[in-house]
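**Q** Work the whole structure out from these sequences, hints included.
Residue numbers (the working numbering), protein chains in the order written: chain F, 42 to 264; chain Z, 42 to 264; chain V, 42 to 264; chain E, 42 to 264; chain L, 42 to 264; chain A, 42 to 264.
What the hints contain is simulated information worked out from the structure, not anything from laboratory work. One thing to keep in mind: the hints can contain errors.
For chains that are exact copies, the list does not tell them apart, and a pair is met inside one copy or across any two.
[Stated by the list, open to error] For lysine to aspartate or glutamate, the following EDC-like pairs were computed, each having C-alpha atoms within a straight-line distance of at most 20 Å: (1) K181 <-> D248; (2) K251 <-> E235; (3) K75 <-> D234; (4) K262 <-> D58; (5) K238 <-> E50; (6) K116 <-> D58; (7) K116 <-> E233; (8) K259 <-> E221; (9) K238 <-> E227; (10) K259 <-> E217.
Protein chains: 6
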Amino acid sequence: MGVVVQNIERADQAVIDRLAACGVATVHEAQGRKGLLASYMRPIYQGARLAASAVTISAPPGDNWMLHVAIEQVKSGDILLLAPTSPCEDGYFGDLLATSAMARGCRGLVIDAGVRDVADLKTMGFPVWAKAIFAQGTVKETLGSVNVPVVCAGALVHPGDVIVADDDGVCVVRREEAEETATKAERRMAAEDEKRKRLAAGELGLDIYKMRERLAEKGLKYA
Amino acid sequence: MGVVVQNIERADQAVIDRLAACGVATVHEAQGRKGLLASYMRPIYQGARLAASAVTISAPPGDNWMLHVAIEQVKSGDILLLAPTSPCEDGYFGDLLATSAMARGCRGLVIDAGVRDVADLKTMGFPVWAKAIFAQGTVKETLGSVNVPVVCAGALVHPGDVIVADDDGVCVVRREEAEETATKAERRMAAEDEKRKRLAAGELGLDIYKMRERLAEKGLKYA
Amino acid sequence: MGVVVQNIERADQAVIDRLAACGVATVHEAQGRKGLLASYMRPIYQGARLAASAVTISAPPGDNWMLHVAIEQVKSGDILLLAPTSPCEDGYFGDLLATSAMARGCRGLVIDAGVRDVADLKTMGFPVWAKAIFAQGTVKETLGSVNVPVVCAGALVHPGDVIVADDDGVCVVRREEAEETATKAERRMAAEDEKRKRLAAGELGLDIYKMRERLAEKGLKYA
Amino acid sequence: MGVVVQNIERADQAVIDRLAACGVATVHEAQGRKGLLASYMRPIYQGARLAASAVTISAPPGDNWMLHVAIEQVKSGDILLLAPTSPCEDGYFGDLLATSAMARGCRGLVIDAGVRDVADLKTMGFPVWAKAIFAQGTVKETLGSVNVPVVCAGALVHPGDVIVADDDGVCVVRREEAEETATKAERRMAAEDEKRKRLAAGELGLDIYKMRERLAEKGLKYA
Amino acid sequence: MGVVVQNIERADQAVIDRLAACGVATVHEAQGRKGLLASYMRPIYQGARLAASAVTISAPPGDNWMLHVAIEQVKSGDILLLAPTSPCEDGYFGDLLATSAMARGCRGLVIDAGVRDVADLKTMGFPVWAKAIFAQGTVKETLGSVNVPVVCAGALVHPGDVIVADDDGVCVVRREEAEETATKAERRMAAEDEKRKRLAAGELGLDIYKMRERLAEKGLKYA
Amino acid sequence: MGVVVQNIERADQAVIDRLAACGVATVHEAQGRKGLLASYMRPIYQGARLAASAVTISAPPGDNWMLHVAIEQVKSGDILLLAPTSPCEDGYFGDLLATSAMARGCRGLVIDAGVRDVADLKTMGFPVWAKAIFAQGTVKETLGSVNVPVVCAGALVHPGDVIVADDDGVCVVRREEAEETATKAERRMAAEDEKRKRLAAGELGLDIYKMRERLAEKGLKYA
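**A** If you want it as structure tokens, here you go:
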């Protein structure tokens with residue numbers, strides 16, 4: 042506790058953009074079905090979709106001091122990601138912090154806790170994925186850390202990892218695996234385009250994926 | 042497990058359409074306050090309202106193989122309804138399966154588990170009522186069954202039962218009771234129209250429903 | 042149980058309107074971070090924002106009789122607030138009751154239970170903050186009370202207290218403290234305007250709030 | 042609602058006793074991994090283990106009237122099983138009802154709601170599997186039904202079905218399948234005894250169940 | 042926040058002892074089915090049963106400073122009762138604080154948050170009713186208040202109110218109503234003794250409470 | 042997925058034993074208030090207290106195949122720790138697997154999922170900390186991994202890390218930090234012994250920890 046790591050490595054912006062284009066579900070599959078944050082992490086408004094480098098925050102319950110510290114560490118294109126040290130739904134973040142974060146080029150917030158001023162945040166176009174919407178105020182008394190590894194909503198996140206977020210939720214991609222994952226995800230999307238056309242034309246997955254024989258072997262009976 | 046029932050009986054389409062016009066709350070009341078699925082079953086987008094015949098699926102946790110099997114059993118105007126054999130929030134269903142289902146005339150999905158690609162599903166106009174929005178991928182390893190009775194979100198559903206769903210949630214109507222329920226629901230709607238006018242004009246429910254005497258008998262005191 | 046208090050005091054309408062203009066998060070902070078209802082109290086549609094005097098209802102689980110009684114007690118500009126005597130998600134309230142309430146000038150409903158006909162309520166412009174959306178019907182058999190103090194979603198509410206509600210949730214302001222709270226909230230908004238400009242211009246909270254020294258004293262290390 | 046079925050069929054007592062001897066986990070497996078009630082159904086004290094015929098109760102939330110009606114229907118060796126018509130944690134049942142039920146030969150209670158007087162119930166040796174321990178009182182105003190099919194904690198239960206319950210939870214066995222399930226469960230227990238000895242002697246499941254080859258085929262790598 | 046009220050009134054000890062003898066369920070009923078804390082408030086070990094005067098604590102999430110302040114306010118026979126200002130499960134209290142509290146004559150703790158060292162507390166015979174068992178440590182940075190009214194687990198508690206707690210949970214009795222409630226509770230117990238004997242002898246509640254006629258009027262049908 | 046790491050490093054057994062003697066709460070504090078698993082991880086029976094080296098398992102929902110694989114990797118004194126790849130409460134583990142694990146010297150199980158045969162496990166003296174007790178059976182179809190880093194109930198665990206578990210829950214200590222943490226924890230225990238005596242003698246924490254001045258500075262008022 043009480044450490045701010047100032048120089049973190051980030052993935053290449055072009056790679057980050059490619060991941061954004063693929064979306065959460067595809068990226069999650071492409072990297073071997075890992076990296077998802079828990080399903081309770083929901084967007085405060087629908088339609089946002091992004092990928093960005095994580096500036097991570099470990100903060101005590103009900104204490105948002107470290108958000109101010111973290112904003113100074115944000116570079117354009119980053120996303121803030123906060124994990125409380127014990128479960129908490131307080132409203133750590135609102136429109137003033139969002140104003141400050143946007144001025145630094147911050148793209149959004151992922152927070153395993155609460156957020157407030159959500160009508161303002163929607164108007165501002167500042168997306169947040171949160172555990173709760175809750176106006177409960179916080180204090181500024183106890184240190185946490187910035188840019189250390191954290192477990193956020195069940196997923197391990199290192200500073201500089203790529204956060205992909207959309208209406209399906211949030212997925213983390215290890216910085217070292219970002220490029221490979223982007224390539225796999227794009228390949229997956231291409232393959233899906235092909236399948237989508239065949240399915241739309243009425244072909245069945247049972248036939249496209251050649252499932253009938255294996256289903257029969259497993260013992261599926263038609264009555 | 043491992044059974045696909047191919048020929049199920051469905052309610053008359055005209056009856057199904059009448060139930061759709063009544064909506065969940067009215068149908069639930071009309072059939073004696075039964076048949077509701079749990080309140081955690083929420084639409085992934087607002088504004089959809091439908092009634093359709095259930096093609097039921099019993100599937101293992103984290104395994105969406107039976108959805109491919111079930112889509113072959115869908116007839117135009119049906120809805121898929123999936124109950125996992127143990128609690129699960131994984132994303133069994135996304136835009137590819139929705140494409141395939143729509144090509145078969147499927148009207149939507151009710152799933153006591155998770156769904157993904159929700160932005161795409163909204164764009165496609167494919168409504169889903171689900172327990173969770175979660176991108177978590179699934180496997181295709183273990184058999185389940187199609188068109189067997191299931192308990193879904195606390196409600197017993199037989200294949201061919203009528204599913205009514207809107208922004209209030211989901212209600213099941215036994216196929217054998219569909220016509221009678223539609224008639225009762227329509228009568229209820231007519232009666233409500235009458236009352237709505239009187240209430241809008243400022244009359245009180247206390248007077249319209251003649252509650253004052255019974256309240257006094259029960260001992261209600263005005264201070 | 043079984044008491045209806047008919048004459049309750051209300052705060053001055055001008056004060057209520059000033060509180061509405063400030064919103065939940067600001068009012069909550071202005072009165073010393075108290076009065077919030079639990080985070081599970083969510084609006085059934087986004088964008089509503091109001092303040093109103095509470096007509097309180099204590100009702101048994103699954104019994105909505107007292108809502109009819111309470112509507113007679115509503116004066117123009119009031120809001121209904123219902124707390125069940127034990128946890129319940131049933132749909133106590135729908136479009137007919139909303140029609141009646143609106144005819145009396147009721148501004149909305151806060152209910153630590155369920156609500157139904159939510160598509161209609163949205164169309165009517167009748168806002169509700171609820172624990173659940175659930176079509177489950179209720180009975181009219183057991184008395185409760187109207188305009189008695191209740192604990193609703195974890196907050197103590199007296200009849201005539203001011204309820205402030207928006208997309209962030211719901212906050213209660215004691216009637217006796219409404220004017221003082223409005224004044225403090227407005228002062229807070231003015232101060233925030235100033236800070237918002239500086240933050241938007243790129244100044245950091247660390248500097249505006251002079252946090253650097255105290256962070257260092259607490260032992261924050263930059264690596 | 043409002044129906045009491047007086048003559049229900051029960052399984053043979055000898056079969057019921059055989060199921061009791063097998064326990065919940067074994068019976069659940071023996072009948073094809075079905076019939077479990079949700080994991081939140083927990084015993085109020087540890088160590089009870091039984092099987093009994095279900096006298097089912099469908100009751101409104103917060104209304105325990107039907108328990109009195111149901112006790113008259115109990116025959117020696119039965120178990121009461123209550124499902125509320127909407128989710129409820131109220132304390133429907135306490136030591137007086139248990140005294141009455143025991144006087145009729147009732148073996149216990151399964152309730153998807155709350156129970157109270159748990160210290161007394163433990164002293165009396167009256168086992169209960171419940172969703173909650175909660176002293177909240179109930180009313181006697183609204184009818185429900187006795188000995189109709191109910192969905193209890195996610196499982197469909199018909200009157201006269203066999204309820205098996207122990208520290209692992211609760212499982213329902215269809216009356217018609219009770220004998221076959223008992224036989225399968227006993228076979229399973231015998232097979233497990235054999236395996237238990239080999240495992241206790243240090244043999245690995247990998248070898249006993251010949252899993253190594255299939256794991257390798259699936260691609261398991263040892264590093 | 043930041044207030045310690047030093048002189049609170051307490052109920053008469055003899056009255057408190059009479060309430061303890063009646064237990065939670067009976068006291069709750071005797072005072073008109075009110076005053077119960079939420080069902081998630083569970084004892085850390087079974088078998089404790091007490092009544093005591095509440096020394097109340099309002100504390101920030103994750104900050105147990107006020108417990109030290111509160112212990113100085115404890116008089117022999119009191120119970121500590123802590124409500125966090127926002128939901129929290131951290132372990133505010135362990136064996137050291139219990140040692141200190143016991144030295145002051147404290148009878149136990151009711152906490153709408155977490156507790157730790159539960160094996161030690163059981164050995165010491167210091168009962169706790171808590172929302173969670175969680176070892177998570179807390180800080181001492183932010184003020185709360187002692188002996189102010191709080192909402193704890195859904196119930197309003199004033200300092201000096203009588204807390205009744207046993208294996209069924211926790212109930213609060215207003216100090217001013219303690220004597221009357223004790224008298225009603227004792228009367229209830231006496232009446233129950235009579236009924237218990239008749240029920241044990243096989244009489245039915247249907248007959249003792251003369252329910253048959255009213256059930257028939259409501260429409261109950263025997264099939 | 043699909044990797045079994047066979048040679049993992051473990052902490053020194055003497056250090057592990059020292060951590061066991063300190064218990065969860067003390068170890069958690071000693072290492073800077075980190076490493077706790079979520080509060081829902083509860084022992085299936087009370088009184089167990091241990092420390093052991095983690096053999097970690099990442100397993101699909103509802104599939105316990107990897108437990109068989111993992112048991113071969115257990116050395117005497119180890120503990121199994123399983124994290125499902127998505128939330129699951131199924132009963133992955135029962136008395137047969139416990140028999141096998143005990144034969145290998147396994148000390149217990151930590152599982153962010155369900156366990157069954159809990160009465161047998163208690164009789165065998167095989168402690169389990171689990172999210173749920175649930176008899177639901179699992180399949181053996183899909184690979185997971187053994188001895189890879191996992192996030193279990195919100196905490197990151199590497200193979201060979203030391204797991205400390207008792208009635209307060211579960212805490213993980215990084216292998217590399219085990220010795221230092223043991224030393225700090227023992228120092229903490231010694232310091233607590235001293236304080237416990239003074240508190241038992243009636244001294245107040247306010248005085249022992251010299252809190253009065255700082256409380257006054259923060260503004261605490263005595264009324």
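**Q** Each hint should be assessed against the structure and marked as holding or not.
**A** To see whether the hints hold, each was checked on the structure:
{"no.": "1", "hint": "K181 <-> D248", "verdict": "between (60 Å within a copy, 15 Å between copies)"}
{"no.": "2", "hint": "K251 <-> E235", "verdict": "within (16 Å within a copy, 40 Å between copies)"}
{"no.": "3", "hint": "K75 <-> D234", "verdict": "neither (23 Å within a copy, 39 Å between copies)"}
{"no.": "4", "hint": "K262 <-> D58", "verdict": "neither (47 Å within a copy, 33 Å between copies)"}
{"no.": "5", "hint": "K238 <-> E50", "verdict": "neither (40 Å within a copy, 31 Å between copies)"}
{"no.": "6", "hint": "K116 <-> D58", "verdict": "within (16 Å within a copy, 41 Å between copies)"}
{"no.": "7", "hint": "K116 <-> E233", "verdict": "neither (34 Å within a copy, 25 Å between copies)"}
{"no.": "8", "hint": "K259 <-> E221", "verdict": "neither (35 Å within a copy, 24 Å between copies)"}
{"no.": "9", "hint": "K238 <-> E227", "verdict": "within (17 Å within a copy, 42 Å between copies)"}
{"no.": "10", "hint": "K259 <-> E217", "verdict": "neither (40 Å within a copy, 27 Å between copies)"}
In the structure shown, a violation is registered for the earlier hints numbered 3, 4, 5, 7, 8, 10, in ascending order.
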